[in-house]
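J.: Here's the letter readout for the chains.
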Amino acid sequence: MRQPKIIVVGGGLAGLMATIRIAEAGVSVDLFSIVPVKRSHSVCAQGGINAAKNQKGEGDTTWKHFDDTIYGGDFLANQPLVRRMCEAAPGIIDLLDRMGVMFNRTPEGLLDYRRFGGTMYHRTAFAGATTGQQLLYALDEQVRRHESEDRVKKYEGQTFLSAVIDGGGVCRGICAMDLRSMEVKTYPADAVIFCTGGIGAIFGRSTNSVVCTGSAQSALFQQGVDYANGEFIQVHPTAIPGEDKLRLMSESARGEGGRVWVPKNPADTRPARSIPEAERFYFLEDWYPKYGNLVPRDIATRAIHRIVYQERLGIAGQAAVYLDVTHISREVLDRKLEGILEIYEKFLGVDPREEPMKVFPAMHYTMGGMWVNSEDQATNVPGIFAAGECEYQYHGANRLGANSLVSCIFGGGLAGPAAVKYARSLEKGAESTSTGVYENERKRQEEKNQALISPDGTENPMTIWRELGDVMTEHVTVTRINKDLQTADVKIRELLERYGRINLSDRTKWSNQTLNFARELGNMLVLARVVTLGALERNESRGAHYKPDFPERDDANWLKTTRAKWRNGEIRFGYEPVDISQIPPRARRYDAAK
Amino acid sequence: MPDAKEVIVRVKRQVSPKGTPYWEEFALPWRPAMNVIICLRDIAENPVTREGQRTTPISYDSNCLEEVCGSCAMLINGKARMACSALVDKLDQPIRLEPFSKFPVVRDLAVDRQFMFESLKRVKSWIPIDGTYDLGEGPRMAPETQEKAYPLSRCISCGSCLEVCPQVNDNNKFIGAAIISQVRLFNMHPTGAMHAKERIAALMEPGGIQDCANAQNCVKACPKDIPLTESIAEMNRQAWKQALVGWLVG
Amino acid sequence: MSRTATRSETDYLLRKLHSFTGVIPVGAFLAEHFWSNSYALVSRAQYDAKSQELQTIPFRVAVEWLFIFLPMLYHGGYGIYIWLRGKSNISAYPWVGNWLYTTQRYTGLIAFAYIGWHLYTERWLTHGKSTYTDVEDLLQNPYALAFMFIGVLASSFHLGVGIWNFLCKWGLAATVKAQRAAGALGATVGFAFSVIGVLIVLSFWLNWHPFDFYLK
Ligand SMILES: Cc1cc2nc3c(=O)[nH]c(=O)nc-3n(C[C@H](O)[C@H](O)[C@H](O)COP(=O)(O)OP(=O)(O)OC[C@H]3O[C@@H](n4cnc5c(N)ncnc54)[C@H](O)[C@@H]3O)c2cc1C
Ligand code: HEM
Ligand code: SF4
Ligand code: FES
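Protein chains in written order, with the numbering used here: chain A, 1 to 594; chain B, 1001 to 1250; chain C, 2001 to 2216.
It is possible that part of the hints are untrue.
[Said to hold, decoys possible] Some chain B residues judged to face chain A by a derived CB distance under 7 Å, without partners named: (1) 1065; (2) 1127; (3) 1134; (4) 1141; (5) 1146; (6) 1189.
Keep in mind that the hints were calculated from the coordinates and are not lab data.
Owing to the predicted nature of the structure, the values given are computational and were not obtained by experimental measurement.
Ideal Cβ placement from N, Cα and C applies to all residues, glycine included.
Can you build the whole structure from these sequences, using the hints too?
T.: Structure follows, in structure tokens:
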């Protein structure tokens, strides 16, 4: 029998899981990643991973996990696969445990579980405050083992540029660029799985890692892979603003009594501690007297945005509010919040036990992503599969905390064998694809590089990126108003036009990070439009997508998956019904038990 | 004393692995809470040296920007540090940035740390599970064991411990503290312990644990505060016991 | 497989042997040597008697070579080889452990040179029959005296640090606490040896016998 060849692009949790599954099937895998896979963004996840193991005798079930996930996602997710994921989750935890993840333990030596947002149950397994890191390492180790036994070949330091698609519209491999030699090459494969993560960089700054640009997704979109629910992105209410990154400041700070406020007078430049109580505006407590600082994520986020962008009450005119724990005793802080307070101290050099923290909502997670079918992670282009944060399947309109890690591993685990099955079913594999197909793609990509590197432009890619981030963050994150979305799109188109006149400050041929960034930027601009226009189209409020002009969920018109398509260089939107065969939609309310 | 509103950064540059290093100096506008990554981004947006010379942006590695991916290690004012957590206000100026010296330079501040990943392979740094199919729960583990193991599992492969180790250099390919500590981690796990011997044997190959000379720089440099000297001592004990037993009873 | 296995083991074993010889027998011999020489603190005669006892043990030459010269040569020779493969960096990282690492190398070398010279003057030139007077005469030369002090201090320091190293490097002191204790032990040994060594040299030089009251 012909041995198929499979490529996995991306070595986060999803990509590594897919790789392991393929290697286990005895099929050889080429694993591509920009960063060494051990440095993928999945390391950033802190909180934990969900599975209804009912280890605390609370009567938790996988069905309840399923229901919480669908409800939390405001009924936008197709239900069958979500259900399968929730049913598989306990097994995933067992597997990770067997792989040696150092999960926290109970005195009996069993895994410990904590409670997370959006559920009544202790359902979240965790390894200290670095669960994502621990899970990623476990999978990374398994892949390294397969690598040492020659079933996996890693191509780290390579960036995916495009898929190689033959005349029949079937994917036959990829075109990638070596980030050191800058060499552009094609790699044949019978099937390719994409696990390229989130798109945080489109918003300039986010809680995501540097390589989360969505460039691969966008390149594929422009080659015919549909992009679903692009308008759904999650904004976390409290992150530490930073010029380089917005670092997550966990909800637990408020859980322990932290209070959110701004000075009543935005021109007040006094140090926070010397502003008297009467001149502070505790807006969450004022607007939501019942829940106060502990309103759910999206409400807190919207409130902070309102304070900053509508009321213009941000601290000293900046996009920031105070998250204050200084009134809590040091002893309590050190015992319960030390981990997160240390992050603040480390990165800002300010002790949050003495000074109120300055926080602001931050782009955090991409619910939307490449369209995949609801059986096996296949996209609409034969031979292309997707798993992890880069696809849209599991979280609907809003992701629950600690559900992403499980969806990445589940999706990757599904995509691997599916790709093998597909590749084995092919009558003709990549080896019988004409070399011309590869050569054409390589040339096309090479020419793009040449165009970027030619010295006739004036525009700096970093500047375009910053402007993109600013406009996306201001208009396309939390509160969406059609007029503003239109403004944003005009701006993005202007940036696209300027992008055509880009000037690279580095034209060398070795390890040229500027060139690579410019390529990513081009793709980010296109994807930014998918997000913006998708939001513009959807005239309702659902999950993380909030339009004050259309404040209600509108199931009659919008219980639909957005499916963006690329047709002749234009973005077109189609809509398809959501599979709600298992749980009928019901109203999602924050102010009462569901 | 430089202007308070300026940050002076000196960067040791090198265009390629074989290139000759040279220095460039930049003056950047100071902002609150600046870190070294922000400095490098400023330079990328406006790559002009202090003398007004146009130049290229600086190559460097980064990803998470919160000290958990291990990408951005470099020498900052002569010391092994993570650039993302190195705050400008806490550094003496001019800030000197150099690539790590114990790894091949790729370009400017980016180095190739493949040696560490190869070493992880060498010592079989994994739990050899039978397969990913459902085999039920993992072995039980005392919370106490987990509390000991967890800190070890936080190693981000940044390479700082190798960079500061006098025993790691061109004449001596010492495997380094991080890898030894990983072996300890895997040998601690109930399943991993079943294969402890192979890992220990790998640690006794040339460049292995014997090359540690107890300067104890690693533990001081580790950004994750991993108890590296304890790990090395523990593995040393496991190693000589294995050597002795192997010699005595085969 | 087996060939590489032997090769790999070899490096490990040689290195461990170096470490081991540092304590036993070289370190142990140093202790013994300081002990027997401290008879000078009692009286010339006591010293000569002790020397003679040692100089007249059965199989003397074999014992000397097997337990003293060869291990010392090995420890010294291999020590230099180890030194050459390390690359000190105290200017960048001036931490205590790192200082000890570097001084361990210099004191080892000084000790090596010193022991070589010491053997030459006291073992070779005297045909193995060195007496109190021989040593006393030698120390009237100020250079010899200075070298004697330096050599004694270097050896003591090297042994002290060595004990700390040894305990850590064999995993006998594995926790931070235990290593701190090992450090204290090493420091105590180093200090005690330095003091005793210096007293012995002073005794020869000044013909000073603080314990001669035993004999009165
Ligand atoms: C701060 C933070 C905390 C979080 N906490 C939690 C939590 O507690 N629980 C939870 O469930 N989720 C959490 N999440 C979400 C979760 O971490 C991510 O959704 C998940 O890790 C994504 O994994 P992935 O495999 O899809 O992609 P990633 O881990 O992002 O990996 C992407 C991979 O693709 C590669 N890649 C990207 N583009 C290219 C290209 N063009 N060419 C080649 N390779 C490419 C990258 O190198 C990388 O290897 C958190 C997220 C953040 C930001
Ligand atoms: C007075 C005689 C000597 C004594 C008592 C002595 C003792 C010791 C001891 C106990 C150790 C620690 C073992 C270990 O590192 O695990 C040691 C280490 C060492 N010795 Fe010596 N030694 C002596 C002479 C020498 C000489 C002559 C040299 C040659 C230069 C030397 C070089 C070294 C080196 C380099 C180390 C460190 C090895 C390492 O760091 O791995 N020693 N010695
Ligand atoms: S042990 Fe510490 S210093 Fe060494 S690589 Fe790991 S994190 Fe970096
Ligand atoms: S960028 Fe990840 S550690 Fe600094």
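J.: If a hint holds in the structure, say so; if it doesn't, say that too.
T.: Hint check:
1. 1065: Nearest chain A Cβ about 4 Å off; hint holds.
2. 1127: holds, 4 Å
3. 1134: Interface hint status for residue 1134/B: holds (5 Å vs cutoff 7 Å).
4. 1141: holds, 5 Å
5. 1146: It holds, given that the least Cβ distance between residue 1146/B and chain A is near 5 Å, below 7 Å.
6. 1189: holds, 5 Å
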